[in-house]
Amino acid sequence: MSEPRSEPEPGRAPEPRAGRTRTAALVVGALVAIVVVGLVAFSIGRLSALSATTPGETSAEAGFARDMQVHHQQGVELALIVRQSSDDPAVRLLADDIAATQAQQSGQLAGWLNVWGLPQYSAEPSMSWMTRGGGHSAHTPGQPMPGLATPGQIARLKAASGADADRIFLELMIAHHEGAVEMAEALVDRSQHEVALAFANAVITSQRSEIELMNSMLAERGGAPVVLPAS
Amino acid sequence: MNATPAQPSKPTTKQQRQAARDAKLAEFRAKEARRKRTRGIAIGAGVVALVAVIGLLVTAIVLTPKPATYAAGGTGETIEGVETFDNAAGHVEGAVDYPQTPPAGGEHNPVWLNCGVYDEPVPNEAAVHSLEHGALWVTYDAEKVTDDELATLKSKLPSTYVVLSPFTGLDAPIVLSGWNTQLKLDDAADPRIPAFFEEYWQSQHVPEPGAPCTGACDAPGKVS
Numbered sequence: 013m014s015e016p017r018s019e020p021e022p023g024r025a026p027e028p029r030a031g032r033t034r035t036a037a038l039v040v041g042a043l044v045a046i047v048v049v050g051l052v053a054f055s056i057g058r059l060s061a062l063s064a065t066t067p068g069e070t071s072a073e074a075g076f077a078r079d080m081q082v083h084h085q086q087g088v089e090l091a092l093i094v095r096q097s098s099d100d101p102a103v104r105l106l107a108d109d110i111a112a113t114q115a116q117q118s119g120q121l122a123g124w125l126n127v128w129g130l131p132q133y134s135a136e137p138s139m140s141w142m143t144r145g146g147g148h149s150a151h152t153p154g155q156p157m158p159g160l161a162t163p164g165q166i167a168r169l170k171a172a173s174g175a176d177a178d179r180i181f182l183e184l185m186i187a188h189h190e191g192a193v194e195m196a197e198a199l200v201d202r203s204q205h206e207v208a209l210a211f212a213n214a215v216i217t218s219q220r221s222e223i224e225l226m227n228s229m230l231a232e233r234g235g236a237p238v239v240l241p242a243s
Numbered sequence: 343m344n345a346t347p348a349q350p351s352k353p354t355t356k357q358q359r360q361a362a363r364d365a366k367l368a369e370f371r372a373k374e375a376r377r378k379r380t381r382g383i384a385i386g387a388g389v390v391a392l393v394a395v396i397g398l399l400v401t402a403i404v405l406t407p408k409p410a411t412y413a414a415g416g417t418g419e420t421i422e423g424v425e426t427f428d429n430a431a432g433h434v435e436g437a438v439d440y441p442q443t444p445p446a447g448g449e450h451n452p453v454w455l456n457c458g459v460y461d462e463p464v465p466n467e468a469a470v471h472s473l474e475h476g477a478l479w480v481t482y483d484a485e486k487v488t489d490d491e492l493a494t495l496k497s498k499l500p501s502t503y504v505v506l507s508p509f510t511g512l513d514a515p516i517v518l519s520g521w522n523t524q525l526k527l528d529d530a531a532d533p534r535i536p537a538f539f540e541e542y543w544q545s546q547h548v549p550e551p552g553a554p555c556t557g558a559c560d561a562p563g564k565v566s
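Protein chains in written order, with our numbering: chain A, 13 to 243; chain B, 343 to 566.
Chain A extracted, bound-state conformation (with noise of 0.2 Å):
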């Protein structure tokens, strides 16, 4: 790193050979400008890569990857639960709309993780990163995620057909959805990561608009609007 300066050397080098130690404190000093120049650019390099880098183990980034792909796999289940029973085909519509978006979407949160050279799993329990930075919609770690169905509503909707099944779905899936918002609105709180913040606003804007058709849905089939607690 710091290459020596160099000294003329008095006892070898006589008079008329000055020209020698001129050459080789010439060397030296590029050799010195070389090594100084390249830590100089390695360290920019480095420096730069800090506006792109690499969510961590406990970034929000990835809590959200997983929280969300737990989320949306469950999106899928009540979707094709209802796809299966449903004798209404905007329902049956609405259901396989819903499935094939929140699988493909699921995967993308997977590819991220994997990218990122992060596990699917985490030590931690779920939604701490929610706990963590951002202003609002702070979450008890451990707790069951917002608007995630109960083993019980899935039974429920389960064993129910037709009319029935169609109303308690749209009950579950505008809950479902609140909860993603929710979700999708903490992470944009707490990142700077442009691809998480797409993926966050997309399912902002498309699922509140699926709550209003949804709303809509329901209110045709004889349900109450669904009201739900602040948060």
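It is worth saying that the hints were derived from the structure and are not from the lab. Treat the hints with care, since some could be wrong.
[Stated by the list, open to error] According to the in silico footprint, chain B covers these stretches of chain A (three or more CB under 8 Å from chain B): (1) 82-90; (2) 117-125; (3) 198-212.
Note that the coordinates shown come from a computational prediction; the quantities given were computed from them, not determined experimentally. C-beta atoms are modelled at their ideal positions from N, C-alpha and C, and glycine is treated no differently.
Dock chain B against the given chain A, drawing on the hints supplied.
Chain B only, in chain A's frame:
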């Protein structure tokens, strides 16, 4: 012409020489002082530059993220005791004779087992299909694992893509199985349990990553 004392004209030769020497000396001293100053500035600048470069280097190394030490879906060599296998996939009806106990991959039933907690042994052929989808199968010897230990074990499991079931004929109290991988354990608090999950849960190296672990068959004894 004589020099008069009142009129300081021509100094003597001696004086002239002395003056010349003084002048030379003064010039030399000035030069020396200049040289010293230049050298001082050069050394100072050199030190500042060196410190700046080292500072930049240290900043660059400290601030930038460390490369992840985890290799997703690796060989599991870092987890002591993990065995890996080379079973092939394929759908078959009927019973399958599996080389591992409990099975860790191989031919399986076309219908997969829904993930969740079971308090009865589950059909091997269905559970192996779930392994193919990236689930892990956590089996325990109900005679050796206490309720407290079972609770400890449950607390480490993710909410999806896991089958927990008792299994008869295990040669260890707890066995974790994934597609073509297995870890036998004595203790529910073993730190290798989360490590195994990090390495293999929903791994991208199973035959069908992302395929569901719900929507197929519930075996008897499904608790949640």
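Inset, instruction - Given that the segment 198-212 of chain A was listed as covered by chain B, double-check it with a C-beta distance under 8 Å for 3 or more residues. - result: violated (count 0)
Legend entry - Coverage of the segment 82-90 of chain A by chain B (three or more Cβ within 8 Å): holds (count 5)
Legend entry - Within 8 Å of chain B's CB atoms, at least three CB atoms from the segment 117-125 of chain A: coverage verdict: Holds, because 4 residues of the segment 117-125 of chain A bring their Cβ atoms closer than 8 Å to Cβ atoms of chain B.
Of the numbered hints listed earlier, the single one contradicted by the structure is hint 3.
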